[in-house]
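So the sequences go chain by chain: F and P. Under our numbering, think of the first position of the first sequence as 1, with each following residue one higher. Under our numbering, think of the first position of the second sequence as 1, with each following residue one higher.
Just so you know, these hints were derived from the structure itself, not from any lab. Do not take every clue at face value.
For the chain P half of the interface with chain F, some residues (derived, Cβ under 7 Å), not all of them [to be verified]: (1) Pro4; (2) Phe49; (3) Gly163; (4) Gly208.
The structure presented is a predicted model; accordingly, all values stated were derived computationally and were not measured. Just so you know, even glycine gets a beta-carbon here, dropped at the ideal spot from N, CA and C.
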Amino acid sequence: MMKRNGAITGTLVALTRAFGNALVSEQIARHCGLLQALDPRVRVIGLFTLLLAATLSRRLAVVVALFVIAVLLALLSQVNFKSLAIRVWLVVFLFTGVIAFPALFLTPGDPIVTSRTGTLQITAQGVTTGLLLIARVETAVTLTVLLVLTTPWMHILKSLRAFGVPQEVAMMLAMTHRYIFLLAQTAGQMFESRQSRTVGVLDRPAQRRMTTRTGGVLLSKSVELSNDVFLAMQSRGFRGDARVLSEFHMRSWDYVGLLAFLLVGAIAVWVGRS
Amino acid sequence: MHIPDGYLSPSTCAVLYAAAGVGWYGALRRLKRAFMTRLIPLISVFAAFSFVLMMFNLPLPGGTTGHAIGVTIAAIVLGPSGAILAISIAIAIQALFFGDGGITTLGANCFNMAIVGSLVAYATYRVVAARAAITSRRRVVAAATAGYLAANAAAFVAAIEFGIQPIFFHDARGVPLYAPYPLSIAIPAMMIGHLAVAGIAEAVIAAGLVAYLQVADPSLLRSTCGLPVGASSTPEVVLQRSLRKLWVTVALFMLLTPLGILAGGTAWGEWSANQVNAATSWKEVSATGQNQAASSAAPDGLRRLSSLWTAPIPNYAPEFVKRPSFGYLLSAMFGVGLLMAFSLLLQRFLRSRRTAGHR
């Protein structure tokens, strides 16, 4: 299947995967876990504080400690550990590992291993920087994924609005999110219908032409859709102002959670400052 | 090109958030002034389109595949302000909803792809396309060039961001705290892939989409084409514009005609019978004719035929004009006028014949 018109199949796989990820995210966000029990604004501030602490920290041990905290939060929030390990940690490790590996040899410093010919040497500084980079990226991505998985998109938007993001931007984010799935579905159907009507294998230039034409049709459809949406908004009295209903109420548990996040973040920054 | 969290220092992230903030603010203000209520659905749907476009697997020459950013087509259809917002929104959703690209590096990613990418794409497209007609092939070439340069400019800025990390952010032992490679490694490492693959992907998708829109929906290309509204692509307008250019060129050449009198002597093979008779001229004839033996008189045929027709303005020098340069200029104007009159008569004749044929 993948060999036959591989690029088209690849696009279909990417579109389907996006749907799958979004579905998983919505399902996990409905679970009753530790993070889900907190006010979305506390989740956004708290996880962002930990993310910032991981980025600011200069000590490997502190970054690793923050990673452990992120893993504990994932377990307590009923996020699938296996899925997290395969989809996030392994992918990030491979991607960042490839980037970090040459740093072992290229970073100048005190040699700890030297090749027989003496041309290659691994330095202590190289090992530290490689490990620090991998640990920091793993921690940061885990915290971001935790926020994405445990918070419905609309709650993230409402939280952003509460933090002063302009309402036009919040509206655009909300609408874009909604239409991504519609356009992804449309694009998927176009590719699928073409694939099902194609006998044999398209050569690469033909696949390229087909992909760009599908993009063109999708663009025309997008502009038509935006016109329809605009007319619908106008007919409902839209004059450029938008009001977002806010149902968020801070409870004592939320304050405790917020305090805990801020405390952990502050300690991590303090301990990891040098 | 999406920089994940952890690769850039917090100070770099803060500076790039501020830079992106300036871009967002400027774009939002400009668009608000233009069409506030139309803005939200248009930018949103276009952001969604760019997002989906980034998922397209594009087969590239050489057997590889690539993904476009979609910034070029956004800049061509929406203009730079619209593209900055649409691509920023798409990047924000990738980071906040799909976990692709970092949150602390969101400002950097938006700065590189949405702001630098949009501005480079728009400027290149406008410069290369100039005032070509909407349906001109030149616009396809302009879109491809814009796509290639935009993707590579964005990658180059990202490479600089990576490359300055070990210079500014390292501990006392010299351990780089963030991206570990200096500019000498970061720039080639980043640029090779973008020059060879990602830039081509962006160029192919931008050119393909512009070519498609030229046929299917040219109105989408009109807002950034740089041509007056409502008078952009009709064949008459294109013809008129070409004719205007032609007249300017003809006028310029007419002004330059006196340059012809700067050169001494006579053009080879253009001698009159009198010139051939003159001893000095014959030396010239002899020299340019591979030292052929001199003759005392002009050839009979030349003498006989040269008297058949006497030109009203011989040697581009009307008798009533004293200055040769002015004579040249006047002759050029006269010649062009004659040609115009002839072409107008011919045009009228052909048109009348066509009209008679239709009846």
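Tested hints:
With a cut of 7 Å, the hint placing Pro4 (chain P) at the interface with chain F holds, because the nearest CB-to-CB distance is about 6 Å. Because the closest C-beta pair between Phe49 (chain P) and chain F is about 4 Å apart, less than 7 Å, the hint holds. Given hint, Gly163 (chain P) at the interface with chain F, is violated; its Cβ is 13 Å from that chain's nearest Cβ, farther than 7 Å. A distance limit of 7 Å between C-beta atoms decides the matter here; for Gly208 (chain P) the minimum to chain F is near 3 Å, and the interface restraint holds.
Consistency note: the structure conflicts with earlier hint 3 alone.
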